[in-house]
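Quick note, the sequences are listed as chains A and B, same order. Here the numbering used here is used: the first residue of the first sequence is 1, the next is one more, and so on. Here the numbering used here is used: the first residue of the second sequence is 1001, the next is one more, and so on.
Think of the hints as simulated: they come from the structure by calculation, not from any bench. Some clues are possibly wrong.
[As the list claims (entries may be wrong)] Derived DEER-like restraints, expressed as beta-carbon distance ranges:
#: 1; chain 1: B; residue 1: Val-1328; chain 2: A; residue 2: Ala-236; range: 58 to 66 Å
#: 2; chain 1: B; residue 1: Ser-1207; chain 2: A; residue 2: Met-149; range: 35 to 43 Å
#: 3; chain 1: B; residue 1: Asp-1263; chain 2: A; residue 2: Trp-218; range: 53 to 61 Å
#: 4; chain 1: B; residue 1: Arg-1159; chain 2: A; residue 2: Lys-263; range: 53 to 61 Å
#: 5; chain 1: A; residue 1: Trp-218; chain 2: B; residue 2: Glu-1087; range: 53 to 61 Å
#: 6; chain 1: B; residue 1: Met-1223; chain 2: A; residue 2: Lys-235; range: 52 to 60 Å
#: 7; chain 1: B; residue 1: Gly-1131; chain 2: A; residue 2: Met-284; range: 35 to 43 Å
#: 8; chain 1: A; residue 1: Asp-231; chain 2: B; residue 2: Glu-1087; range: 43 to 51 Å
#: 9; chain 1: B; residue 1: Ser-1331; chain 2: A; residue 2: Arg-194; range: 55 to 63 Å
#: 10; chain 1: B; residue 1: Val-1328; chain 2: A; residue 2: Ala-89; range: 31 to 39 Å
#: 11; chain 1: A; residue 1: Glu-151; chain 2: B; residue 2: Arg-1045; range: 16 to 24 Å
#: 12; chain 1: B; residue 1: Gly-1110; chain 2: A; residue 2: His-49; range: 18 to 26 Å
Fair warning: this is a prediction, and the values are worked out from it, not measured in the lab. For every residue, glycine included, the Cβ atom is placed at its ideal position computed from N, Cα and C.
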Amino acid sequence: MSVASPDAAKLWEQNAFPRHRIQWCPGCGDFGVLAALKMALVRIGVVPHEVLLVGGIGCSGQTRNYLNGNGFHGTHGGPLGYALGAKMANPDLTVIALAGDGDTLAIGMESFIHVCRRDPAMTLILMNNGVYGLTRGQDSPTTGLGKVMEEHTEEHPPFVDPARLAITAGATFVAQSFSGDPKHCAEIYAQAFRHPGFAMVNDFSPCVTYNRFNTASWYREHSEHIPEGHDPSDKAAAWALLDDFDRRGKLPLGVIYRAPRHKKAHARLPIWEEELAGIDPGPMFSVFR
Amino acid sequence: MKRILMKGNEALAEAAIRAGCRAYFGYPITPQNEVPEYMARHMPRAGGVFVQAESEIAAINMVHGASGAGVRAMASTSGPGFSLMTEGLSYMIGSRLPGVVVNVMRGGPGLGNIAPSQGDYFQVTRGLGHGDTHGIVLAPSTVQEIVDLMPVAFELSERYRLPVVIAADGILGQMMEPVTLPEPIAPPPPPDWATTGAVGSPRVISSIYLAPEDLERHVLSLMRTYQEIREREQRWEAYRADDAEVLVVAYGTAARVVRSAVDRVRAQGLAAGLIRPITLWPFPTTAFERSPRRWLVVELSAGQMVEDVRLALSGRAPVGFHGRVGGVVPSPAEVAEAIRSAVVGEVVRA
Ligand SMILES: Cc1ncc(C[n+]2csc(CCOP(=O)(O)OP(=O)(O)O)c2C)c(N)n1
Ligand code: SF4
Ligand SMILES: [Mg+2]
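With the rest of the complex left out, here is chain A (with noise of 0.2 Å):
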């Protein structure tokens, strides 16, 4: 990683793709978090040639054409395996992928389960605003957020809580913020980056269109920022921490755990010329002599 630079700002400030015009809804939570990545990518201090940007798809990854960087779009549930076999290809890139609630925990949730338990150090910004917004309203895995379990049917069954489930599935780090503070979740998102293994941020970003009932206001109203004192990095106080806030019916903000880290280090063939230019051919081919 190149340290901070001033240019580095003026870098991320530039739509790569001007041939993109901004698509999003007047109002949309997006527009936050873009404002919040930007900053973020300009704090970890990288430029864009160091980071690829791994777009769902859904309004939440067309944040990726509004950004600098190397980019990918691929299927519908699928940027978290684009993402981690980038990864594993090229482990000096920063990796981001930037998927809704739709694709990371309906079509992607297996993606979501073994990325998770993998532990690759890379980012998963979910933009989660409890619906389908691409394809015009539909419900998606967290539809329903702040309603009562006695409202839920088996149509309507209740919502998925990426936070926990990450947890529980292996994720190393697991976050939330609220995008319509972009200064907070520029925060979150460079320790998410920083973060040597998979980072998870929940980021609850209003759809002004199609979702109603989780609207900026209605966020507002139901978050509060973590307290100083919580320790990340223990996964009880983690836990106690969720279920405090839920029985408060509030969603907490900032990081909610950080393992201590006890992987190993991960191994990996040499594959570019540098690397194996340190190495010695001759004992491979002796066999065949």
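The hints should help you fit chain B with the ligands onto chain A, whose structure is shown.
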């Protein structure tokens, strides 16, 4: 009979309910979202079930399960989702189960776009998942025809115990046209193989045949069914074809453009006609027994059905091709020009 104005996607949903469909499973994808939206609202009223699945893979598996339980079941989707459903379709074919899947085709490959296309032709006619698979593929070209083919789809699917695919496209799904809806029918009782809690012999839905001889017997029986379908179920429409010296082959939305183009060139003295396949599989080879001077195939894809036309004609006459891709729909004037040039020489534009 009352004629009402309906969007293609909504008309197809209503027609399915009227045809006795009582289980719908889907996942949002443009340009077919009005189907699940309509089903969510109206299926429960008919006493049926609706689930917005977590993916198209899950949706087709739910169809598989519901159909195995003896209920008329369906799913609808578009290109990227259809690709995911092909796994389930192969298993349904292997398990000899009925079911209807609508593919409202959009531009591909990959995410492509949400504009109308016929680019999934090979996939629906050859690629219903792995193994020796086929299913009847119906290709309507008007909203009324979608409505008329819906009960046919369920009946054929049950007669041959194979899934039926309805291949529509973004224009047909989105356009509004006047339709006459049929009277609703009561769903048929569960067939004698369904997992309804059989008394006596247990019923099993499965596509696994571990012994090569057993699987061969199973696939040969499938192939006999395919042959029977080829012999009995070819459907097509001929328009001004009898005296035509150039015959144009097109289906779905493309056929509507061709029909206008045929009228245009006829008015200028060129005897053109249209063969419109309604079954894409089995391909209506019987329609190709006559040989005019020239053939031209028009598709909203890069030259897929043209291969079936060439096979059907076995080199008896030259076959030209005019295709537009990416969601671009040619105008009648453009197609008329293609017909005129076809008589002069072959034009390939893709
Ligand atoms: C296989 C497949 N199925 C369905 C779609 C259609 N589709 C595109 S985006 C989307 C959902 C978007 O919801 P979400 O992931 O929550 O993102 P948002 O738009 O809300 O940001 C769907 C279902 C698709 N592109 N591919
Ligand atoms: S539909 Fe919702 S999520 Fe999509 S751009 Fe509009 S406000 Fe944002
Ligand atoms: Mg969403």
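Enumerated hints in conflict with the structure, sorted upward: Hint check: 5 fails alone, others pass.
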